[in-house]
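S.K.: Sequence:
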Amino acid sequence: MKTGMRKERIDRGIKVRSDGIYALSSWREMSYLMAPRVLLIAGLLLAPLILHFFPYWQKVLLIVCIYALLSMAFDFLANYVGLVCLGGSFFVGVGGYGAALLNKYLYFSPFLSIPLAALGGAAFCT
1 MKTGMRKERI DRGIKVRSDG IYALSSWREM SYLMAPRVLL IAGLLLAPLI
51 LHFFPYWQKV LLIVCIYALL SMAFDFLANY VGLVCLGGSF FVGVGGYGAA
101 LLNKYLYFSP FLSIPLAALG GAAFCT
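Be aware that the sequence shown starts at 1, since it is given in this note's numbering, and climbs by one per residue.
Because the hints were derived from the structure by calculation, they are not lab data. Any given hint could be a false lead.
[Stated by the list, open to error] Label pairs and their calculated CB-CB ranges:
no.	residue 1	residue 2	range
1	Lys104	Ala73	45 to 51 Å
2	Ser31	Phe124	50 to 56 Å
3	Ser31	Leu119	47 to 53 Å
4	Leu33	Phe108	47 to 53 Å
Every residue gets a Cβ at the ideal spot worked out from N, C-alpha and C, and that includes glycine.
All chains should be modelled from the sequences, with the hints used to inform the complete structure.
M.R.: Put into C-alpha cells, the structure is as follows:
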C-alpha cells in the first residue's frame, strides 16, 4: 500500500471569492453561472409568443400569476410585518365580482368594466 500525498486533478478554474465579488477563470464557469439566468430571461421573453397559440394555458398562467402576487403580499405581511391582513384578497375579490356583474348584467365592455370594478372595489374596501 502506498503512503503519500494524494494528488487531485482540478478540472475547473479556481474561484476567488470575497463578499459578493468573485472572479471566474474560465468560460465554462461563466456559462455555468450565466446559463440559468439567460434561459429564464429568454423563456420569459418568448412566453407571450408561444402562449398566443394556446389560450387555455395563457389563462391558466394568468390565474397562477394572480394567486402568486396575492400570496407574496400575504407572505410579506404575515412573516415580516407580523400582521394577518386579507385586505388585498378582499379588494381583488370585490373587483372581480364587480367586473363580472358589469359584464353580465349591464353589458359593459371589459375595457370599461375592469377600471370601474377596480374603482368600485377600492371605494368599497377602504
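S.K.: Give a verdict on every hint.
M.R.: Hint by hint, here is what the structure shows:
1. Lys104 <-> Ala73: 45 to 51 Å: For Lys104 and Ala73 the Cβ distance comes to about 28 Å; the hint is violated.
2. Ser31 <-> Phe124: 50 to 56 Å: Given a distance of about 53 Å, which is inside 50 to 56 Å, the answer is holds.
3. Ser31 <-> Leu119: 47 to 53 Å: Roughly 49 Å apart at Cβ, these two residues keep to the hinted range, so it holds.
4. Leu33 <-> Phe108: 47 to 53 Å: holds, 50 Å
Checked against the numbered hints above, the structure violates only hint 1.
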